[in-house]
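Chain by chain, the residues run as shown.
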Amino acid sequence: MSAAPKTRPKYYDLNLAHLPPPGLVSILHRISGAALFFPLLPIALYILHVTLGSQEGYDRWAALFHRPGVKLIVILAAWGYAHHFFAGLRYLLLDLHIGIEKVPARTSAVIVLVLGVVSALFVAWYMWSIQ
Amino acid sequence: MKRYTKHPVGAHYGTRQWLLQRLTAVVMAGYTLFIVLALVMHRPLNYPAWKSIFSEMWFQVGTMLFVMALLYHAWVGMRDILMDYLRDTTVRLTAQFAVAFVLLFYLVWTAAILWGR
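These protein sequence lines map, in sequence, to chains F and Y. Counting along the first sequence from 1, when you hit position 99 you're at 99 in my numbering, and nothing is skipped either side. Counting along the second sequence from 1, when you hit position 81 you're at 212 in my numbering, and nothing is skipped either side.
Wrong hints could be hidden among the right ones.
Stated by the list, open to error - Simulated crosslink set (SDA-like; lysine to any residue; CA at most 20 Å straight-line): (1) Y:182 <-> F:22; (2) Y:182 <-> F:61; (3) Y:182 <-> F:49; (4) F:71 <-> Y:170; (5) Y:182 <-> F:92.
What the hints assert, rightly or not - Partial selection, computed: residues in chain Y whose CB lies under 7 Å from chain F: (6) 156; (7) 168; (8) 174; (9) 175; (10) 190; (11) 208; (12) 239; (13) 240.
Calculated from the structure, these hints are not laboratory results. The beta carbon of each residue, even a glycine, is placed where N, CA and C say it ideally should be.
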């Protein structure tokens, strides 16, 4: 009686721009979380290790942070952390049944996306201000 | 109308992990605010200031607690991701083992950075 299962067409819409804001927040929360686990955390630990280790190590990294490419990576990493942070706060509120309706959930998703970018801009300002 | 009561099966560790992932998130969020505040207050940053932040006992303990919370939080999160995308049990369990090993490595490394010299 058991026939071979029908092969169904598969279609993955990988274009994130098609997602509504809550969906975008969700997938970016997942991607940023994975990126924080690897490679961002070991990189951060390595920098902490070297910069706390000696004045020379600190100076070496202080010089590296002057490079635009390194600044860009730090800003991207900060954006990933901030997005994960604010998206996580939003999920905590949703878990408490706060803002769970469609319209407020969409609004809060947009706020999370904006706050992530604002935090990245703040880190950019900080890096240029300490020179 | 017949009503069904769902009988939950399993060891219930899913609920516990779900809750602990959120509790660890709150711990890490608190630490995040502290370190942002510390960095802003010590601006412009230099080696003695950077060193003094991390030589404070409470900050060392806070950093260690942060990484311990992160260990559990990231374990639950990475396990969720691996369960979603890796269907083959052998591959998934190998990946989970690698994640657990890496997380323990981070924990020990953090302790070494904080108190290793």
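### Message
Hint compliance check: list the failing hint numbers for this structure, sorted ascending.
### Response
1, 5, 7, 10, 12
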